[in-house]
Amino acid sequence: MATVRDRGQLVLIAGLALAISLVAIALVLNSAIYTHNLASRYDSPGDGVVRSNHDIRESAGANVRYVNEEYADGGYSTVLTNYEDGIPDIEAAVAEDAAIHGRLLRVTHVSNSDVEGVRIVDDEDGGSDFTSRTGAADWTVVKDAQVRAFTVRADAATTSPFQVGTVESGLVSSGAFTVGFDDDSDGNDEWQVAIYENDDTGDDDISVTVENPDGSVQTCTSASSEVELSLSTGRIGSEACSGLLFVEELSKPYDINFSNAGAIDGSYRLVADGVVGGPDVTTGAFTDRVDAMNYGAHCGDADAGTEQSTFYSADAASGEYPRVTPALYEAMIDTTYDSDSITYEGRHRIAPGETGERPQTPVITSFSVGEADTTNSSDGNYTVSWTVIDPNNNLDTVKVEAFDNGTLVADTTIDGDTLDLETNRRYTFRVTAQDTDGNTRTASQVHREDGGESGCPA
Amino acid sequence: MSCMNDDRGVSTVVGFVLTLGITSLLVIGLLVGTSGFVDGQRQSTVRDEMEVLGQQLAADIAAADRLNRTGGDTVAIDRPFPDDVTGLSYQITVDSGQPVRITLATTNPDVSVEVTVRTVTDVAGGTTLNGGDVEVVYDESADELVVQNG
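Going down the list, the protein sequences come from chains A and B. Be aware that the first sequence starts at 1124, since it is given in this note's numbering, and climbs by one per residue. Be aware that the second sequence starts at 13, since it is given in this note's numbering, and climbs by one per residue.
Covered stretches of chain B, as calculated for chain A (at least 3 residues, CB under 8 Å): (1) 30-36; (2) 40-49; (3) 54-68; (4) 88-102.
I should point out that these hints are in silico values taken from the structure, not numbers from a laboratory. As the structure is a prediction and not an experimental result, all values here were calculated from the model. Even glycine gets a Cβ: it sits at the ideal position worked out from N, Cα and C.
Kindly generate the complete structure, drawing on both the sequences and the hints.
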């Protein structure tokens, strides 16, 4: 009977070993299924943050555009207050969507991150030509500044027609409206952009011809009767025009000049990194520079009878264009994003329509020259004062020089200093702000003792 | 009659021995074959799983890099990785340089998988982690991404 109990051991062991093997196979199979499960999961963890950031930046950019357009008449403080008031609305909109997906999102304005700018606009109802307020067809629009969101809307029906070949052989000389960019202040526009109605197509089409510093030209045409061109993003209507992307290559700051401004009809708007005195005044370092370019003096040309006039209007009610108004150039916002797998805090700069690097050059926010004493023989004593800000906080020196007919007669680096000068002379006072990187910006005013601060040459 | 009596019962014994022998051969063959198959499948599964985990970590590093470049001062991405792969514990090694090399390895059996990813922000190298939760964080003071156990 003992032999009977021993039988079948081999089969038993074999069965056990096979069972273990099957369990091992099951485990491996399970892992393989889990691996495929892992591999097929949605695997782009940063997308939600990137998408939210994009929405926030777009919304904040639209907020900047809106307040610059709607609240400029109240002055810069009103513009800024309304911008700040708009940020919680943006947060509410994006945070609600984030909350639905189980994420926390916060958007806040960074205190004191705002940079004042100046908005230049000519958008009369029904369009107009691009001449200055005094009717000049060739004039300087921006002097010594950097611009963003530069758009031109042209109406083909009322814009002067030209043949492409004629314009390409000479942009300004052809008579077509031309925007010139001078980035080395040598008086010659290194880059030129002609905007005109294309006479070759027979339809109301707007064409753009760009001439590079090397003389090569490129023309883009949009088959629309009314076209908006973006000189910041290189677009004509809805199409890309790579020739317009040169703004990124300009060394900053630069000048923008209009030529043949009577040959176009439409509107334009841009924001520059300069400062005007207020919502209803056209004084300030920015307009001083522009007026000095156009008239030879910041307050007009006495000989031509245009004293105190300016190429810009600041009065919204007058309906006169082009206007200059205080504007928000840029601001910063902080965003916080929290989900089960991602923690993110970031700071974003909001400057819609800007190409290339952010402004680095110091901004002269105010510059005034007053007569120290006009009641006695001390006439000729001038007090100079200024305020300068630097976008990247590396301001080095600010210097004021007084020139008598091109000859330096006095200088100072002390704000509020008094310069003792001879009476009955016509002086040009020039303030130069320089940062540690060598970026400089200047503003000039012409003065002759007149008993006040208006300082127009007699 | 005596000779005839000597042959009796032999076929039963021979039959039994043959049955036992053939059965043993079959069983041994089956066991050897099965264990080899299981081992091969296990290594293959370990490699696949670590490849997936490596790619997920690479995706996290790339995402942290992207978030840092879009203005992020504080960036942290957590991911719950499994403690083991197919019952084996594993190590994750991150080497700096471009491209960043992520190596996942197990011992016994020795399986190693390498995944690479290119980043703009530097990644702290020489880090060896065990399986489990893994976190990619941005170290602002060193301006680099750090991979650590969460």
